[in-house]
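Chemist: These protein sequences, in sequence, are chains A and B. Under the working numbering, think of the first position of the first sequence as 52, with each following residue one higher. Under the working numbering, think of the first position of the second sequence as 52, with each following residue one higher.
For the record, the hints were derived by calculation from the structure and aren't laboratory data. One or more of the hints may lead you astray.
Same chains, same names: a pair is fine if it fits in one copy or spans any two.
Once the Cα atoms are required to be at most 25 angstroms apart in a straight line, the calculated DMTMM-like pairs of lysine to aspartate or glutamate come out as [said to hold, decoys possible]:
(1) K373 x D98
(2) K373 x D170
(3) K373 x E122
(4) K340 x E122
(5) K65 x E408
(6) K373 x E160
(7) K173 x E345
(8) K93 x D358
(9) K59 x D405
(10) K340 x D170
(11) K101 x D358
(12) K173 x D286
(13) K157 x E279
(14) K417 x E354
(15) K93 x D347
(16) K93 x D170
(17) K65 x E253
(18) K59 x D207
(19) K221 x D393
(20) K173 x E205
Number of protein chains: 2
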Amino acid sequence: MFEFELIKKSNKSKARRGRFTTPHGVIETPVFMPVGTQATVKAMTTDELKAIGAMIILSNTYHLHVRPGSELIRQAGGLHRFMNWSGPILTDSGGFQVFSLAGQRKITEDGVTFQSHLDGRKIFMGPEEAVAIQHNLGSDIMMVFDECTPIPAEYDYVRDSVDRTTRWAKRCLEAHDRPDKQALFGIVQGGLYPELRQRSVEGLIPLDFPGYAIGGLSVGESKHDMLEALDYIPDLLPENKPRYLMGVGTPADLVDGVLRGVDMFDCVAPTRIARHGMAWTSQGDVSIKQSRYEQDFTPLDPECGCDTCRNYSKAYLRHLFKAGEILSARLMTMHNLYYMIDLMSQVRQAIESDTFEDWAENFFAKQAKTR
Amino acid sequence: MFEFELIKKSNKSKARRGRFTTPHGVIETPVFMPVGTQATVKAMTTDELKAIGAMIILSNTYHLHVRPGSELIRQAGGLHRFMNWSGPILTDSGGFQVFSLAGQRKITEDGVTFQSHLDGRKIFMGPEEAVAIQHNLGSDIMMVFDECTPIPAEYDYVRDSVDRTTRWAKRCLEAHDRPDKQALFGIVQGGLYPELRQRSVEGLIPLDFPGYAIGGLSVGESKHDMLEALDYIPDLLPENKPRYLMGVGTPADLVDGVLRGVDMFDCVAPTRIARHGMAWTSQGDVSIKQSRYEQDFTPLDPECGCDTCRNYSKAYLRHLFKAGEILSARLMTMHNLYYMIDLMSQVRQAIESDTFEDWAENFFAKQAKTR
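This is chain A alone, in the form it adopts within the complex:
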């Protein structure tokens, strides 16, 4: 269980084609993971996710802890059963939300005391709590409890935080008594400081996690800074373990990440922007509310095979959006997720056939033309 098989490595870039086996199924990498924050990928059923080829979805420890509570989900038979998803699930540790979403917080060596964003009640979460909650959820891939430091942040603060995150990672590992059923991934932090990223990795490698995440990116830094960090961080990680870039990103970000040796991605953007009437397409970005689409009876993306593009016109999608209809969120979300999942399927095929770098060049050229 939790074996990562490296099927192919590109000779012209750091792109990798892999396969990660979990109790709920195999994940072909590189992979995009749709985000189901509150035990639902917003506006989608799990049957639809399966139909469009989602191989793994993500859910949020923090959100499920504050509502409906992980004990309830344990009683329901775990998160898979609760939300009717039979494939693999990755749960984050809650660290990111505790530091970005929750109210005033106090960090100690033990963990973090913070206020629920829902009702303000005080909650304590540390490594042991994050693991216990994820045990209740029964996810296939759990994440260690970490501090996601902001960018910019003082060197000394980030260094102390990295060291604490490493100590927390050890405690998570010690609290995790079912490594055969749930894989626990470590998280590399260190902001934009190469020596602190190195320090983070050196602390984690001896713990021999079955996978490693790159945290602390996509937190407001420039795209240039992110790519610079991605130019060296994956190289620090063991080759035979999956690498997961947390919270990233746009279609271009994914291709950039794959070129630099990343295997797994997640992001709320495709579902979130869909609800705001935005679509990513092979022809560039589409903001469906624009009046230019009022009498446009062509599909959102003429090259797309999703249900939305096969059955509905831009004019209809614009009408639904303007009218505030739920179907608008559904159809736009369906398209964006299909687009991301199909994109990664193209990426995998291109790596397999030794054409990924050309494919990526074409992809970026087309993006440049349509923006």
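Given chain A's structure and the hints, the job is docking chain B onto it.
Modeler: Chain B only, in chain A's frame:
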């Protein structure tokens, strides 16, 4: 085209089993028609509607006229193509919304000038306009432009209104130049005055509509008053034409209507209450937000075969509702529509097998027990 075949008449009640043929398919009656006000049955795709057995859906002339405009829908190839529904569509005339929803209005013999509920702009609609809009929409069944009088209303006002509605019905018929492609139904008004209902019917019968609707009920009167009206109105109508009770109603209302000789029903209730977390079930009404369902891992309705009941628990549905998730509206709507459509399927089978009155008795007994 537009032939109504009376397959079976009950000996013990006025219940009828019929079949109405339209250009987009056959409607087995008695039938419940889901409402797609703004060219979408809220929260549902048309594929889902088809899958749960919806045989005809309703859409709204008034709403589509104010947004996105019927000319746009004509350019899209008609409403069927615009919203991706290949089955029959019934459009109301806009009369009901003009009198219930729009801003200050002035009624003349020509028609009604009113303010759009969206932006306050002045709109004129009369019989010719209502027909022209419905021609643009291309619905299988069109409705005449009528005045839906409130209850209570003065006898003299209702009498004058009935006479004007009859004159408007004639003008609709004269403006309707494609009776082979779109059927135009007449609407009986007259409030709770038996002699005015009679007067309305006498005005309409000579016009020989292919179907007749009973309007002006379910507008705030008591259930007792509605049933009293339904005890005699259907008898005034020709036997060989379908009878459509507009805007009705609850599961019990439908059974009551069928017992009194009604063939077609529509109502926003199943979709609207679903979005407020309410479900109709074989075990009675369920308000999913109630704390009693917090740890209830059984389906919404153990006797139901819909996707919601096959795949999700009350505890999960409650979580989705409390979390404000779109999937809550989707799953609750799916169930309520399935319930109504399945109910009418049971009704049709019971009429065919001469057991409808017993079936109805059991239905009401069960309802009484679970409320």
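Chemist: One pair to classify: K417 and E354, alpha carbons no more than 25 angstroms apart. Within, between, both, or neither?
Modeler: within (13 angstroms within a copy, 53 angstroms between copies)
Chemist: Taking 25 angstroms as the upper bound on the Cα-Cα distance, should K59 and D405 be classified as within, between, both, or neither?
Modeler: within (9 angstroms within a copy, 68 angstroms between copies)
Chemist: Please sort K373 with D98 into within, between, both or neither, judging by C-alpha distance up to 25 angstroms.
Modeler: between (28 angstroms within a copy, 22 angstroms between copies)
Chemist: Are the CA atoms of K340 and D170 at most 25 angstroms apart within a copy, between copies, both, or neither?
Modeler: between (34 angstroms within a copy, 18 angstroms between copies)
Chemist: Check K93 against D347 for me: Cα-Cα at most 25 angstroms, and say if that holds within a copy, between copies, both or neither.
Modeler: Cα proximity of K93 and D347: across copies only (23 angstroms, versus 27 angstroms in one copy).
Chemist: Indicate which option fits the pair K93, D358 if close means a Cα-Cα distance not exceeding 25 angstroms: within, between, both or neither.
Modeler: both (17 angstroms within a copy, 18 angstroms between copies)
Chemist: When Cα atoms must be at most 25 angstroms apart, do K157 and E279 count as within-copy, between-copy, both, or neither?
Modeler: For K157 and E279, neither the intra-copy (32 angstroms) nor the inter-copy (68 angstroms) Cα distance is at most 25 angstroms.
Chemist: How do K93 and D170 come out at 25 angstroms by Cα distance, when the copy is not named: within, between, both, or neither?
Modeler: within (22 angstroms within a copy, 31 angstroms between copies)
Chemist: Can you tell me if K101 and D358 fall within 25 angstroms by alpha carbon in one copy, between copies, both or neither?
Modeler: Close inside one copy (13 angstroms) and across copies (15 angstroms); limit 25 angstroms.
Chemist: Should K173 paired with E345 be assigned to within, between, both, or neither, using CA atoms and 25 angstroms as the limit?
Modeler: between (49 angstroms within a copy, 22 angstroms between copies)
Chemist: I want to check one pair: K373 and E160. Are their C-alpha atoms no more than 25 angstroms apart within a copy, between two copies, both, or neither?
Modeler: Intra 50 angstroms, inter 34 angstroms, cutoff 25 angstroms: neither.
Chemist: Between copies, within a copy, both or neither: which fits K373 and D170 at Cα up to 25 angstroms?
Modeler: Answer is between; shortest inter-copy Cα gap is 13 angstroms, intra-copy 32 angstroms.
Consistency with the previously given hints fails for numbers 6, 12, 13, 18, 19, 20, ordered from lowest to highest.
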